[in-house]
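Go ahead and model the full structure; you've got the sequences and the hints to work with.
Given next are the chains, with one letter for each unit.
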Amino acid sequence: MPILSLDPRVNRLQAEQVSAEQGPVLAPGDHWPSYQVFHQRRRGEKHSSVGIVHAPSSEMAMALAKEQFGRRGETSNLWVVCSADVLEMDYADEDVFRTTPSKSYRDPAGYKVNDKIDAYKAKNQG
Amino acid sequence: MPTMSNSQPFPSGPLARYLLQIADDQLIMGHRNSEWTGLGPILEEDIAFSSVAQDQVGHALAFYEYLQAECGADHPDQTAFNRPENQMLCNGLVEQPIGDYAFSLVRHWCYDHAVRLRYESLSGIPNQTLQSIAVKLRGEVKYHTFHADTWMKSLLEGSEESRLRMLAAIKEVWPLALGMFESWVGEEDWLVELAGNGQGWYPGEAALRLQWQEQALRSLQTWGVDVEKLGLEKMEPVLGGRQGYHTVHLAPLLEEMTAVFRLDPQAEW
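Just so you know, the protein sequences line up as chains R and F, in that order.
Using my numbering, the letters of the first sequence map in sequence onto residues 3 to 128.
Using my numbering, the letters of the second sequence map in sequence onto residues 2 to 270.
If you're looking for bench data, these hints aren't it; they were derived computationally from the structure.
Certain hints may be false.
Stated by the list, open to error - Under the rule of at most 25 Å between Cα atoms (straight-line distance), these lysine-lysine pairs were calculated in the DSS-like manner:
1. F:Lys154 x F:Lys172
2. R:Lys125 x R:Lys105
3. F:Lys137 x F:Lys230
4. F:Lys154 x R:Lys68
5. R:Lys105 x R:Lys123
6. F:Lys172 x F:Lys230
7. F:Lys143 x F:Lys154
8. R:Lys68 x F:Lys137
9. R:Lys68 x F:Lys143
If you're wondering where the values come from, they're calculated on a predicted model, not measured in any experiment.
In structure tokens:
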């Protein structure tokens, strides 16, 4: 049975629903891969992840990303990276980070230098 | 009845007329392209194409404002929405209904490359204000042509179906696209005058058409289109728009576009 939706874009796919558990059967090209978009506000600043676009190629991803993420505010540059090319950690391995918050000695806030700086300043001003 | 404005419909002088043609093209093209908003093939493209349409209406405004400030034209709202059909100077290509997405994409590609050439030429004008308008708008058109090129390449090099649909659209659009470069009243004298003043920035419609056609055909060939087989080089342009004679599609468009404006033509927006 073809999947029917209120969205004409879904109907145009004419995708078959096999069962309730299984997703629709899509032909190659029916479903475009996603591309991660990185936005840079000004030259020299870092590129930050801002979201994704769906596209059949990286050129198209760039053409679409420009309007999704560069149409408001300041933009200097964009990167697009196919999501499949991003190596992601498994959430099952999240436990490797579990003890990190308790290692406060790695936090620079643990170093008490302000007293020394203030003393140095006072000495040099006087 | 709307109150007719006291200002003359055409601001005088060939430069003003030329700019009015560009502005009218942008206004009508932007309006047409905006008809895709909410209906685009995919969400991201819907947003991108709508944004291009918005840019185009903005370009029309930039020139209408210049015409008001420097050439004695009426307020941009009046110039855009209060002229009868036979005083509009847009070309036949931009008037056409949106058709299918292949038609709209091919039109977008043909149109924005022509605009690119006009802005490149206009940025050489010895007029500081117009030069900076042209330089500013060129950046937006650079994106428009990148967007159009990406779709053209993608669909012409895509599946059998996408290729055939694009080829059919190219054949349909071509004669209308050639009409973008219709010679206009006063053009010839102006070219002589410009040459006399040592101004080479405006090459004239025939030269722009040659330049456009050469670049367009070259791109189509790199995307594997047999331009000879399509018969593009033998096609004749659809003319009339620059003289105020329009295709049957403009009148209903103006009717719809100006409906709200006509409720109260003197309203402040």
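Hint check results:
Under the criterion of a C-alpha separation no larger than 25 Å, the hint pairing lysine 154 (chain F) with lysine 172 (chain F) is consistent with the structure, at around 16 Å. At roughly 35 Å between alpha-carbon atoms, lysine 125 (chain R) and lysine 105 (chain R) are farther apart than 25 Å, so this suggested pair is violated. Taking the CA atoms of lysine 137 (chain F) and lysine 230 (chain F), the gap is about 39 Å. The hint is violated against a cut of 25 Å. Annotation: proposed proximity of lysine 154 (chain F) to lysine 68 (chain R) holds, straight-line Cα distance about 18 Å (limit 25 Å).
Taken as a hint, the lysine 105 (chain R) and lysine 123 (chain R) pair is broken in the structure, with Cα atoms around 31 Å apart against an allowance of 25 Å. Between the alpha carbons of lysine 172 (chain F) and lysine 230 (chain F) the distance comes to roughly 11 Å, so the proposed pair stays at or under 25 Å and holds. Restraint check for lysine 143 (chain F) and lysine 154 (chain F): the C-alpha separation of about 16 Å stays at or below 25 Å, so the hint holds. Distance check on the hinted pair: lysine 68 (chain R) and lysine 137 (chain F) sit about 17 Å apart at the alpha-carbon level, within 25 Å; holds.
Pair hint lysine 68 (chain R) plus lysine 143 (chain F) holds up; C-alpha atoms about 12 Å apart against a cutoff of 25 Å.
In the structure shown, a violation is registered for the earlier hints numbered 2, 3, 5, in ascending order.
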